[in-house]
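Asks: Listed here are the chains, written in short residue letters.
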Amino acid sequence: MVIRIAAVGDVHLDEDVVGRFRPALEELPNHADVLLLAGDLTRHGTEAEARCVAREFGGLGVPVVTVLGNHDYQCDEVPQVVEVLEEAGITVLEGNGTVLDCSGSRLGIAGVKGFGGGFAGRCAADFGEPEMKAFVGASTESADALKAALHSLDCDLLVALTHYSPVPDTLAGEPPEIYAFLGCYQLGQAIDSAPTTLALHGHAHHGTERGTTPGGVRVRNVAHPVIKQAYSVFHLGEHLEPGEVSRMGSLGTRPAWS
Amino acid sequence: MTEHRDVDTRRATDAYVSAEIHRLLAEDPEVAEQGITVVRRELGLVLHGEVESAQRRDEILRRVAEHFPELAVTSDIGVVRAQPPTEIEQLP
Numbered sequence: 001m002v003i004r005i006a007a008v009g010d011v012h013l014d015e016d017v018v019g020r021f022r023p024a025l026e027e028l029p030n031h032a033d034v035l036l037l038a039g040d041l042t043r044h045g046t047e048a049e050a051r052c053v054a055r056e057f058g059g060l061g062v063p064v065v066t067v068l069g070n071h072d073y074q075c076d077e078v079p080q081v082v083e084v085l086e087e088a089g090i091t092v093l094e095g096n097g098t099v100l101d102c103s104g105s106r107l108g109i110a111g112v113k114g115f116g117g118g119f120a121g122r123c124a125a126d127f128g129e130p131e132m133k134a135f136v137g138a139s140t141e142s143a144d145a146l147k148a149a150l151h152s153l154d155c156d157l158l159v160a161l162t163h164y165s166p167v168p169d170t171l172a173g174e175p176p177e178i179y180a181f182l183g184c185y186q187l188g189q190a191i192d193s194a195p196t197t198l199a200l201h202g203h204a205h206h207g208t209e210r211g212t213t214p215g216g217v218r219v220r221n222v223a224h225p226v227i228k229q230a231y232s233v234f235h236l237g238e239h240l241e242p243g244e245v246s247r248m249g250s251l252g253t254r255p256a257w258s
Numbered sequence: 001m002t003e004h005r006d007v008d009t010r011r012a013t014d015a016y017v018s019a020e021i022h023r024l025l026a027e028d029p030e031v032a033e034q035g036i037t038v039v040r041r042e043l044g045l046v047l048h049g050e051v052e053s054a055q056r057r058d059e060i061l062r063r064v065a066e067h068f069p070e071l072a073v074t075s076d077i078g079v080v081r082a083q084p085p086t087e088i089e090q091l092p
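Sequence lines, in order, name chains A and B. Residue numbers for the first sequence follow this note's numbering, so the first one is 1 and each next one is one higher. Residue numbers for the second sequence follow this note's numbering, so the first one is 1 and each next one is one higher.
Since the hints were derived computationally from the structure, they do not count as laboratory data. It should be emphasised that the depicted structure is a prediction, and the values quoted were computed from it without experimental measurement. Among the clues, some could well be false.
[To be verified] Here are the simulated SDA-like pairs of lysine to any residue, each with C-alpha atoms no more than 25 Å apart in a straight line:
| # | chain 1 | residue 1 | chain 2 | residue 2 |
| --- | --- | --- | --- | --- |
| 1 | A | Lys-228 | B | Gln-34 |
| 2 | A | Lys-228 | B | Glu-30 |
| 3 | A | Lys-133 | A | Phe-181 |
| 4 | A | Lys-228 | B | Asp-76 |
| 5 | A | Lys-228 | B | Tyr-16 |
| 6 | A | Lys-228 | B | Ser-75 |
| 7 | A | Lys-228 | B | Glu-59 |
[Claimed, not checked] Over the 10 Å line for every Cβ pair with chain B, so calculated as not near, a few chain A residues:
| # | residue |
| --- | --- |
| 8 | Val-11 |
| 9 | Ala-24 |
| 10 | Glu-47 |
| 11 | Gly-95 |
| 12 | Ala-148 |
| 13 | Ser-152 |
| 14 | Asp-192 |
[Claimed, not checked] Per label pair, the in silico range of CB-to-CB distance:
| # | chain 1 | residue 1 | chain 2 | residue 2 | range |
| --- | --- | --- | --- | --- | --- |
| 15 | B | Asp-28 | A | Ala-125 | 38 to 44 Å |
| 16 | B | Ala-65 | A | Gly-104 | 26 to 32 Å |
| 17 | A | Pro-130 | B | Asp-76 | 40 to 46 Å |
| 18 | B | His-67 | A | Pro-176 | 42 to 48 Å |
| 19 | B | Gly-44 | A | Gly-137 | 40 to 46 Å |
| 20 | A | Arg-106 | B | Thr-86 | 26 to 32 Å |
| 21 | A | Pro-176 | B | Leu-71 | 32 to 38 Å |
| 22 | B | Leu-61 | A | Arg-22 | 24 to 30 Å |
| 23 | B | Thr-74 | A | Asp-16 | 41 to 47 Å |
| 24 | B | Tyr-16 | A | Asp-76 | 27 to 33 Å |
| 25 | A | Glu-94 | B | Glu-30 | 27 to 33 Å |
| 26 | A | Pro-214 | B | Asp-58 | 41 to 47 Å |
| 27 | A | Gly-89 | B | His-22 | 43 to 49 Å |
Cβ atoms here follow ideal geometry from the backbone N, Cα and C, with glycine treated the same way.
Using the sequences and the hints, build the whole thing.
Replies: Take a look at the structure:
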């Protein structure tokens with residue numbers, strides 16, 4: 001059983017960049033069973049920008065599943081953004097999940113935007129002013145929603161999709177002072193509470209690609225400025241050698257075992 | 001415009017300038033970039049980061065120059081490549 005997942009985040013689409021991803025996306029069905037988008041699809045979260053996303057990522061020939069990012073909330077048009085994306089066939093997750101049939105295997109994807117708050121020993125606490133309590137409350141609520149979504153799915157492989165990071169590992173390269181604005185440990189805790197195979201996130205443009213949760217779940221930062229390509233492709237399957245990387249040919253992926 | 005010297009006897013407060021540039025780039029609707037860093041070099045401030053188009057890169061430098069005309073600012077901002085991947089990662 002191998003499930004092929006393509007993923008990218010932080011594409012920040014607007015009229016000026018429509019079409020940039022499309023040549024690579026046309027090849028995507030040769031390489032992947034599904035495309036996951038890790039939020040920050042737009043610059044300001046307007047309906048017009050969402051239409052750019054729909055044009056760029058709609059009609060690919062494979063299912064597209066996304067969460068929103070903080071940029072997608074900027075103009076308070078989230079309902080309109082979601083509607084435009086869903087009209088284009090893109091599934092938008094926020095505290096829920098979906099199960100896709102990928103070559104006979106069931107891929108479960110649980111998604112939430114997530115929030116900041118920081119990581120062990122350097123995190124905000126639900127204490128003091130109402131503003132601080134609201135901040136921590138948003139982190140906790142988001143992580144609780146992710147946990148519930150992860151546990152609700154009946155599938156063979158389970159993937160967590162967030163915009164904010166669940167671990168500090170993939171933030172390496174960002175100033176440590178802003179880690180608390182880039183993710184929170186509660187998301188990692190939610191991911192570790194379920195039989196999650198892979199966690200994907202974006203948001204940290206200066207971060208690094210690879211990390212793991214304290215419970216050993218692999219985490220990948222797929223922010224576009226981090227992966228520096230149209231999307232990354234991951235093959236998930238229990239018989240694969242961990243960490244093995246193989247070349248991708250012009251006619252599609254060439255697995256390492258071929 | 002904001003005065004970036006605490007008092008005449010002190011040096012220009014780079015930290016405040018850097019903070020203002022960060023906020024400008026995030027909050028200006030024509031820019032909306034949070035991933036740009038500002039570094040002090042001998043010849044002035046250098047902007048680093050990656051954006052999605054050459055227009056956005058040019059607009060960032062234009063906006064910063066417009067708001068801080070007294071500063072020597074150069075840009076080392078790149079445009080993120082969008083080519084298809086050449087490798088896959090296999091995970092168990």
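Asks: Each of the hints needs a verdict: does it hold here or not?
Replies: Hint by hint, here is what the structure shows:
Straight-line distance between C-alpha atoms of Lys-228/A and Gln-34/B comes to about 17 Å, which keeps the hinted pair within the 25 Å bound. About 24 Å separates the Cα atoms of Lys-228/A and Glu-30/B, which keeps this hinted pair within 25 Å; it holds. Simply put, Lys-133/A and Phe-181/A have alpha-carbon atoms about 15 Å apart, close enough for the 25 Å limit, and the pair holds. Proximity of Lys-228/A to Asp-76/B is assessed by CA-CA distance (about 16 Å); at most 25 Å being required, the pair is judged to hold.
About 31 Å separates the Cα atoms of Lys-228/A and Tyr-16/B, which puts this hinted pair outside 25 Å; it is violated. With a CA separation close to 19 Å, the supplied pair Lys-228/A and Ser-75/B stays within the 25 Å bound. For the hint pairing Lys-228/A with Glu-59/B, the CA-to-CA distance comes to about 21 Å; that is within 25 Å, so the pair holds. A Cβ of chain B approaches the Cβ of Val-11/A within 10 Å, the least distance being about 7 Å, so the stated non-interface status is violated.
The beta carbon of Ala-24/A is not kept farther than 10 Å from every beta carbon of chain B, the shortest such distance being approximately 4 Å. With a least beta-carbon separation of about 15 Å from chain B, Glu-47/A lies farther than 10 Å from that chain, consistent with its non-interface assignment. Interface exclusion of Gly-95/A from chain B stands, the closest Cβ pair being 24 Å apart, more than 10 Å. For Ala-148/A, the requirement that its beta carbon stay farther than 10 Å from each beta carbon of chain B is met, with the minimum near 25 Å.
Taking the minimum C-beta to C-beta distance to chain B, about 23 Å, the non-interface status of Ser-152/A holds against the 10 Å cut. Chain B leaves Asp-192/A outside its interface by the beta-carbon criterion, the shortest separation being 16 Å against a cut-off of 10 Å. Separation of Asp-28/B from Ala-125/A is about 33 Å and departs from the stated range, judged on CB atoms against 38 to 44 Å. Distance hint check for Ala-65/B and Gly-104/A: the Cβ-Cβ separation is about 57 Å, which falls outside the suggested range of 26 to 32 Å.
Separated by about 42 Å at the C-beta atoms, Pro-130/A and Asp-76/B satisfy the suggested range of 40 to 46 Å. For His-67/B and Pro-176/A, the Cβ-Cβ distance of about 28 Å falls outside the hinted range of 42 to 48 Å, so the restraint is violated. A hinted range of 40 to 46 Å holds for the C-beta pair Gly-44/B and Gly-137/A, which are about 43 Å apart. As the Cβ distance of Arg-106/A to Thr-86/B is approximately 29 Å, the hint placing it in 26 to 32 Å holds.
The hint said 32 to 38 Å for the Cβ distance between Pro-176/A and Leu-71/B, and at roughly 27 Å that hint is violated. At about 28 Å, the CB distance of Leu-61/B to Arg-22/A agrees with the hint of 24 to 30 Å. The beta-carbon spacing between Thr-74/B and Asp-16/A, approximately 23 Å, falls outside the hinted interval of 41 to 47 Å. Range check, Tyr-16/B to Asp-76/A: about 30 Å between beta-carbon atoms, so the 27 to 33 Å window is met.
Evaluation of the 27 to 33 Å hint for Glu-94/A and Glu-30/B yields a pass: the beta carbon distance comes to about 28 Å. Judged by the Cβ atoms, the range 41 to 47 Å given for Pro-214/A and Asp-58/B holds: they are separated by roughly 43 Å. Restraint check, Gly-89/A to His-22/B: a C-beta distance of roughly 37 Å breaks the suggested window 43 to 49 Å.
Violated hints, in rising order: 5, 8, 9, 15, 16, 18, 21, 23 and 27; the structure is consistent with all others.
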